[in-house]
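Participant: Throw the hints in and build the complete structure from the sequences for me.
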Amino acid sequence: MSLFPIKVQFFLSYGVIGSLGPLLALILRDSKNFEPRQIGIALAVSSVGMLFSPGIMTFLADRNFDSRKILRIIFAATACSLSAVYYLQDPIAVTVAWALYSTIFIPTLPLLDGYYFNSTRNHHPGKLLAGHSYQFVRVWGSIGFMLPAFALFFILDSPASAIDALWCAVAWCLFAFVGTFALQPCNVKQSVRRATPTREAMRIIFSRSTLPMCVGLFLVYVAANCYFPYLSVFFTDEVGIDLKWIPLISAIGVAFEIGYLLGLGPIRRLIKIKGIMVLGLASMGTRLALLAAFPSISASLLIQLVHGLEILAMFVVPVIYLDRVAGDGFRNSIQGAFTVVITVPARLVGFLLAGEIAQASSSTEVIYTASLLAFAAMLVILFTFRPSSANDSVPGKVKA
Numbered sequence: 018m019s020l021f022p023i024k025v026q027f028f029l030s031y032g033v034i035g036s037l038g039p040l041l042a043l044i045l046r047d048s049k050n051f052e053p054r055q056i057g058i059a060l061a062v063s064s065v066g067m068l069f070s071p072g073i074m075t076f077l078a079d080r081n082f083d084s085r086k087i088l089r090i091i092f093a094a095t096a097c098s099l100s101a102v103y104y105l106q107d108p109i110a111v112t113v114a115w116a117l118y119s120t121i122f123i124p125t126l127p128l129l130d131g132y133y134f135n136s137t138r139n140h141h142p143g144k145l146l147a148g149h150s151y152q153f154v155r156v157w158g159s160i161g162f163m164l165p166a167f168a169l170f171f172i173l174d175s176p177a178s179a180i181d182a183l184w185c186a187v188a189w190c191l192f193a194f195v196g197t198f199a200l201q202p203c204n205v206k207q208s209v210r211r212a213t214p215t216r217e218a219m220r221i222i223f224s225r226s227t228l229p230m231c232v233g234l235f236l237v238y239v240a241a242n243c244y245f246p247y248l249s250v251f252f253t254d255e256v257g258i259d260l261k262w263i264p265l266i267s268a269i270g271v272a273f274e275i276g277y278l279l280g281l282g283p284i285r286r287l288i289k290i291k292g293i294m295v296l297g298l299a300s301m302g303t304r305l306a307l308l309a310a311f312p313s314i315s316a317s318l319l320i321q322l323v324h325g326l327e328i329l330a331m332f333v334v335p336v337i338y339l340d341r342v343a344g345d346g347f348r349n350s351i352q353g354a355f356t357v358v359i360t361v362p363a364r365l366v367g368f369l370l371a372g373e374i375a376q377a378s379s380s381t382e383v384i385y386t387a388s389l390l391a392f393a394a395m396l397v398i399l400f401t402f403r404p405s406s407a408n409d410s411v412p413g414k415v416k417a
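Every number in our numbering is 17 more than the matching position in the sequence shown, counting from 1.
Incorrect hints may have been included.
What the hints assert, rightly or not - The calculated lysine to any residue pairs, modelled on SDA-like cross-linking and capped at a C-alpha distance of 25 Å, are: (1) Lys291 to Ala306; (2) Lys24 to Gly257; (3) Lys49 to Gly38; (4) Lys49 to Asp107; (5) Lys291 to Pro362; (6) Lys24 to Leu265; (7) Lys289 to Leu279; (8) Lys49 to Leu279; (9) Lys24 to Gly38; (10) Lys24 to Ile180.
Hints in this document: simulated from the structure, not taken from any laboratory.
Fair warning: this is a prediction, and the values are worked out from it, not measured in the lab.
Facilitator: Structure representation (structure tokens):
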């Protein structure tokens, strides 16, 4: 089985996020005239529908509803929702359209993760493809996230032009829609299908061995959703960086992230899963604190050096760990259940918290708050998370 089509799909899907992620708050503030509290509310409202969509979509995938068709619906509907955000001006209408986009698009990533893990096991029972562990596919997502920055450099020429990033995201949605036709069918084997895959997934997430990791990740996801939308505001208001440079600064961090992803195997052999998470969350708290304390272009660039550790700790190692503890009948559902139980509530809390802090003070305090939350998450992982040795194996070598 060739992994090239799924690599391309990761590349295109993360391109949608890369088109919007670095500019979230600026789009609403400078193009739609939202106040900080309105931004927080709009982003939080967009998280409500996410409490249902990932679980439903991944459940359907585990019941052998074609993941490729689900993805096509997602990309087509996302393009329509983002187009509506561009043209609408009424705050309530903009909020509703943004909520539709978020609700529709969020199942994409757990669906892709589940598709990858099911595909490798269907074609190579008992092990992942040699030399093609998850990080070597996920790295294509990082490349896709980075690439729109170069297009946005020429598109963005004033604060009001941030809204034009929506068209970049729409274009990536259309590319991703076409990319789904290159994916191969991937069905869950009849012998391991479960009547209640979502219930099985929830049981694992709330188990004694997995729950401490989930609690720590909840805190750090709150931190990420607190600072990430407002990072663009911080760069423009506190550091004085021109709008068109902001996506490129983010792209520099992603470029270093690629090196960390490719080196995940040796890193895991050296410090194991828990070590990666502790180090990654500590580096996140440190770099945010440094940025808030020394708001400058040099600090903005310097902190990108350890961005990759943060990504490994938050978005790569947890996905691998969840796949290791999942059964063959609910690999899609455990990724979706984790998104519903941990990722989405953390988004809601983080967005609301950031909006209130920015309304009361400034984006600097938002960055400081995220730093404290990251350190709190690190302490939870350090003192309570005990991954089993079987789940801490080197990628591609699953212990019996």
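Participant: Each hint should be assessed against the structure and marked as holding or not.
Facilitator: Hints, verified against the model:
no. : hint             : result
1   : Lys291 to Ala306 : 23 Å, holds
2   : Lys24 to Gly257  : 37 Å, violated
3   : Lys49 to Gly38   : 17 Å, holds
4   : Lys49 to Asp107  : 8 Å, holds
5   : Lys291 to Pro362 : 23 Å, holds
6   : Lys24 to Leu265  : 23 Å, holds
7   : Lys289 to Leu279 : 15 Å, holds
8   : Lys49 to Leu279  : 40 Å, violated
9   : Lys24 to Gly38   : 21 Å, holds
10  : Lys24 to Ile180  : 29 Å, violated
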